[in-house]
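**Q** What follows is the residue order along each chain.
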Amino acid sequence: MIRVQLPSLLKNLARVDSEIELEVEAPVTLHSVLDALDRRYPMLQGTIRDRSTLRRRPLVRFFACEEDISQSPLDAVLPEAVARGAEPLLIVAAIAGG
Amino acid sequence: MSAIRLLVGTRKGAFVLTSDGKRQRWEVAGPHFGGWEVYHLKGSPVDPSRIYASQSSGWFGQLIPRSDDGGKTWETVGNDFAYAGDPGTHQWYDGSARPWDFKRVWHLEPSPSDPDAVYAGVEDAGLFHSGDGGRTWQELPGLRTQQGSRWQPGAGGMCLHTILLGPGDPQRIFVAISAAGAFRTDDGGSTWRPINRGLRSDFMPDPTAQIGHCVHRIAMHASRPHVLFMQKHWDVMRSDDAGESWREVSGNLPSDFGFAIEVHAHEPDTLYVVPIKSDTEHYPPEGRLRVYRSRTGGDEWEALTSGLPQRDCYVNVLRDAMAVDSLDPCGVYFGTTGGQVYASSDSGDSWTPIVRDLPAVLSVEVQTLP
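Quick note, the sequences are listed as chains E and Y, same order.
All residue numbers for the first sequence refer to the working numbering, where the first residue is 2 and numbers rise by one.
All residue numbers for the second sequence refer to the working numbering, where the first residue is 177 and numbers rise by one.
Just chain E, same shape as in the assembly (with noise of 0.2 Å):
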């Protein structure tokens, strides 16, 4: 089980008011998390990576096991804490004003 925390305004879109459980087969990535976590709440699709290129969205980021892995290719293997679900994968919005 995957433990995914969504900043406020797409925790607000997908209507889950906390930490988002999902099952994803190993090897488990940042592209195979999303893949599940967009089939799970289809109003997230294009909203974490960009709907053509599938790239992350600039002022997205992400952290896990208190790391920034943001710039980790998307195809990488996470954490194994992440994976057996010991630790969440943060999904956060850069703060970058408005």
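Derived from the structure by calculation, the hints contain no laboratory data.
We put the beta carbon where it would ideally sit given N, CA and C, even for glycine.
Among these hints, one or two may not hold up.
To be verified - Covered stretches of chain E (in silico footprint by chain Y; criterion: 3 or more residues with CB under 8 Å from a CB of chain Y, positions within the stretch not fixed):
| no. | stretch |
| --- | --- |
| 1 | 11-21 |
| 2 | 47-56 |
| 3 | 91-97 |
Fit chain Y to the known structure of chain E by using the hints.
**A** Chain Y alone, transformed into the frame defined by chain E:
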């Protein structure tokens, strides 16, 4: 008893303002999509319960919510705005080439005959169409063949902000782009041509070139679809031949810079504009918020000030932030970047703020309900 529903898009969400036909007491619902920019909302003319909205964010991109109950509840539909083929490049502010890149939807224009059909004007400039209620979108790429590589952004971005669907002729569509100009199709969007003859823009190397004018908005009265009124970057313009030629009708306006322009619901020669001081000072001249009305199709303008602040007012009124209802007398509405929405139930003679403290208003649309 008829009713009025105002759809207000702001920098931080959407609001739905409702009143009965007297237009004296208003209820305010919202914010919907709190924290998101809502550039525009518009209802279907054939099914007023169906409303399309543009919800966007610099962080999370574009979404299209759709309501089928008059704005009470919303469903997120399609947001895949993929340009057809390789769109190539357009000009950046410094004249360099920059790849086409979708940023947001500025304007949604539902079909006058089919509630599932809707057009979207987007930044970087393009026109999209959906025939399935906003679930999927297809670009009409013929527009970009009109020297798209020479288009460049206005200060607000390279946006397609005006879509006018020709009453009685579903094949005719007018669009306007900042800063490329106005364009028309007579075959439903397959082929287009620029309609900018008579426009003059002194910031351009060739001030009368076909392409490059910063058109801010175009308005039309449904009974006279060959007559168009334009608020350009500078100059208020009029065309009597569906855009084939334009002449200036700024007349005695205190400034002919501005964004919004609208036509009275029952008097096709009665126009409204909100003069703004200049292209660098986006607020009313002398700090006095005045709507100007012409009853002569331009050239002769009168200031409408009753109920509007006449000192220390430095708000702007953006291009999609003015609208009219179809009651008699005609109601006129506009929103400001200061968060006020003003209403007039007497064709502009007097004004009352419905709300004073919304986030900056990006757009105002009216639905006149039976």
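**Q** Now tell me if each hint is right for this structure.
**A** Results of checking the hints against the structure:
no.	hint	in the structure
1	11-21	holds (count 3)
2	47-56	holds (count 6)
3	91-97	holds (count 3)
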